[in-house]
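Asks: Residue numbers (the working numbering), protein chains in the order written: chain U, 1 to 386; chain R, 1001 to 1114.
These aren't lab readings, by the way, just hints derived from the structure by calculation.
Worth double-checking, as some hints may not be accurate.
[As the list claims (entries may be wrong)] The calculated SDA-like cross-link candidates involving lysine to any residue, where the alpha carbons are at most 25 Å apart (straight line), are:
| id | chain 1 | residue 1 | chain 2 | residue 2 |
| --- | --- | --- | --- | --- |
| 1 | U | Lys292 | R | Leu1064 |
| 2 | U | Lys348 | U | Ser358 |
| 3 | U | Lys348 | U | Leu181 |
| 4 | U | Lys348 | R | Pro1077 |
| 5 | U | Lys348 | R | Val1033 |
| 6 | U | Lys348 | R | Asp1050 |
| 7 | U | Lys292 | R | Asp1085 |
| 8 | U | Lys348 | R | Ala1047 |
| 9 | U | Lys292 | R | Arg1038 |
| 10 | U | Lys348 | R | Pro1076 |
| 11 | U | Lys292 | R | Arg1043 |
| 12 | U | Lys348 | R | Leu1022 |
| 13 | U | Lys348 | U | Ala196 |
[To be verified] Only part of the chain R face toward chain U is listed, based on derived beta-carbon distances under 8 Å:
| id | residue |
| --- | --- |
| 14 | Thr1028 |
| 15 | Val1069 |
| 16 | Asp1085 |
[What the hints assert, rightly or not] For each label pair, taking beta carbons as the anchor points, the in silico distance ranges come out as:
| id | chain 1 | residue 1 | chain 2 | residue 2 | range |
| --- | --- | --- | --- | --- | --- |
| 17 | U | Thr351 | R | Gly1055 | 34 to 42 Å |
| 18 | U | Thr351 | R | Leu1074 | 46 to 54 Å |
| 19 | R | Leu1074 | U | Trp63 | 21 to 29 Å |
| 20 | R | Gln1052 | U | Gly150 | 31 to 39 Å |
C-beta atoms are modelled at their ideal positions from N, C-alpha and C, and glycine is treated no differently.
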Amino acid sequence: MQTNSLLLPLLPVLPLLGSVLLPLIGRGRTIFWRGWALIAPIGQLLLVGVMIGQPEPKLNLRWLPDLGLALDLGLDGLSLAMVGLTALLTATAILATREEQPRPGLFFPLLLAVNLGLVGAFLARNALLFVLCFELILIPTTLLVAIWGGERRAGGAIRYLIYSAVSGITLLAAVLAFGLLNANGNSFSYADLAAADLSTTHQRLILALLLVAFGLKLPVVPLHGWQPFTYSEASTPVVVLLGGVVSKLGAYGLLRFAVGFLPEAWVAWSPWLAGAGAVTAFYGALNAIAQKDMRRLVAYSSLGHMGLLLLALAAATPLSLQGAVALILAHGTILALLFVLVDLIDRKTGTTQIAELSGLMNPYRGLPFTLGLLLLALMASAGIPG
Amino acid sequence: MGELLVFEGSWSAFPWATLTCLAASGLTAVYAVRLFNRVGFGRLDNARADWQSTGWRERLPALLLSGLVVTAGLWPPLLLGWSEDSTAQLALRAPSFEPLIAMASPTHPQELPS
């Protein structure tokens, strides 16, 4: 077995150990909790660094063969990029916690549980395992929004829960249909799904289910009802993960399952999908202009960028798909930066209402350093230089 | 960089949708400038402007991410080098107009002609 394949299981094991052991070993001030929690994402970043440019590591262990579920993991370039982004933004989320983080013994393990679900989904080479990891993300993220969010956090959490539950059920239906209808017989491994010989009707049925499942997660108009509200109510570390990586799981799912396994149906529907992408991009940008709160502005800005992602996936040319992955990485990083900076402004001024803030570039009594970075992040969001 | 690749890659397949997205991307500059102008400039409210500057520990995550954003902007392989082979295998259309899928019968995209 290659060294890489021996290192591969460490990527999910690190956050798993972290989320289980942290409540047992963590004590004292937030800074100590933060230090322990950082071990997992920093370890993942080191592992990703070691695996860059190496042959694709694989691991396949039997789990529940009667169900078609296997611990089938792999790490191609696409997964490597997504795992790297997940590790980076988990570390950012941990560093972005406030000095006195309430209930750290629950908060940090839940963050690491979200990381575990994400890394598992990106490494999965079995569709049922992907669904399992996709669902694993739901509970910790809902709790993180519900317990540590803003004043209207309960509403944000419930919206997120309902939309995500529908997304999860639809994905499960799509994957079950995919596995049961494919000619290789009750197999959910990616290799078998890619080689499945499905009729046009079956392909379109499964694609419709996948579009609902991943469209809710991304999200795209008109499936975006949860996003602006939940983003504005979640605490900054949580929204860094939600907007930076969890939503990108929708784009990854569309790329891996819809473009990868249902190419004929995808090409047939791609003009409509490109149209939906354009509508989402325009709707997000226009709404961002109209916002009076910085968090909601960033949330709608993010929605607009998801429209660009859908356009790139619909076009499915080599360049557009490369652009889609670049956009996932760049947007995840820029969105996290914007939310971190808005949080810094909120900590110092006590508000994120645009009308209540002015003169923050004042070099003596303003926040010039933070505003300088905000200018950089806004320029990057507009495409210069990120 | 991501936007540029998306626009260039999507133009041949869906020019109108790409143009609409391009216009939407232009609106990004509108709300970015509007936000920065409102928040950054103008008079400070004397009654409220008594906040402390941010500390280095608070700045650390923003500094790390800013460094990455600038580095990726100036050195695009940081964004592009990871997944070039994987995405090339998933492509369904050639850079020109003709969908690759229409030229071949296999359902597995990896078996399509490059």
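Asks: Are the hints correct? Go through all of them and say.
Replies: Hints versus structure:
1. For the proposed pair Lys292(U) and Leu1064(R), the alpha carbon gap of about 28 Å is over 25 Å, so the pair is violated.
2. Pair hint Lys348(U) plus Ser358(U) holds up; C-alpha atoms about 13 Å apart against a cutoff of 25 Å.
3. Straight-line distance between C-alpha atoms of Lys348(U) and Leu181(U) comes to about 57 Å, which puts the hinted pair past the 25 Å bound.
4. Of the pairs offered as hints, the one joining Lys348(U) and Pro1077(R) is violated, with about 37 Å between alpha carbons and a cut-off of 25 Å exceeded.
5. Straight-line distance between C-alpha atoms of Lys348(U) and Val1033(R) comes to about 22 Å, which keeps the hinted pair within the 25 Å bound.
6. Annotation: proposed proximity of Lys348(U) to Asp1050(R) holds, straight-line Cα distance about 9 Å (limit 25 Å).
7. As the CA atoms of Lys292(U) and Asp1085(R) are separated by approximately 43 Å, the hinted pair breaks the 25 Å bound.
8. Taken as a hint, the Lys348(U) and Ala1047(R) pair is honoured in the structure, with Cα atoms around 14 Å apart against an allowance of 25 Å.
9. Only pairs whose Cα atoms come within 25 Å are accepted, and Lys292(U) paired with Arg1038(R) is accepted, the gap being roughly 11 Å.
10. Between Lys348(U) and Pro1076(R) the CA atoms are separated by roughly 34 Å; this puts the pair beyond 25 Å, and the hint is violated.
11. Between the alpha carbons of Lys292(U) and Arg1043(R) the distance comes to roughly 19 Å, so the proposed pair stays at or under 25 Å and holds.
12. Pair hint Lys348(U) plus Leu1022(R) does not hold up; C-alpha atoms about 36 Å apart against a cutoff of 25 Å.
13. Restraint check: the Cα-Cα separation between Lys348(U) and Ala196(U) comes to about 56 Å, which exceeds 25 Å; the hinted pair is violated.
14. For the restraint placing Thr1028(R) at the interface with chain U, the shortest Cβ-Cβ distance is roughly 4 Å, inside the 8 Å limit, so the hint holds.
15. For Val1069(R), the suggested interface contact is upheld, since its CB lies about 4 Å from the closest CB of chain U, less than 8 Å.
16. A cut of 8 Å between beta carbons decides the hint on Asp1085(R): the least distance to chain U is about 6 Å, and the hint holds.
17. Range check, Thr351(U) to Gly1055(R): about 20 Å between beta-carbon atoms, so the 34 to 42 Å window is missed.
18. The hinted range of 46 to 54 Å is not satisfied by Thr351(U) and Leu1074(R), whose Cβ atoms lie roughly 34 Å apart.
19. Take Leu1074(R) and Trp63(U): their Cβ atoms lie about 45 Å apart, and the range 21 to 29 Å is violated.
20. Distance hint check: the CB atoms of Gln1052(R) and Gly150(U) are about 23 Å apart, inconsistent with the given range 31 to 39 Å.
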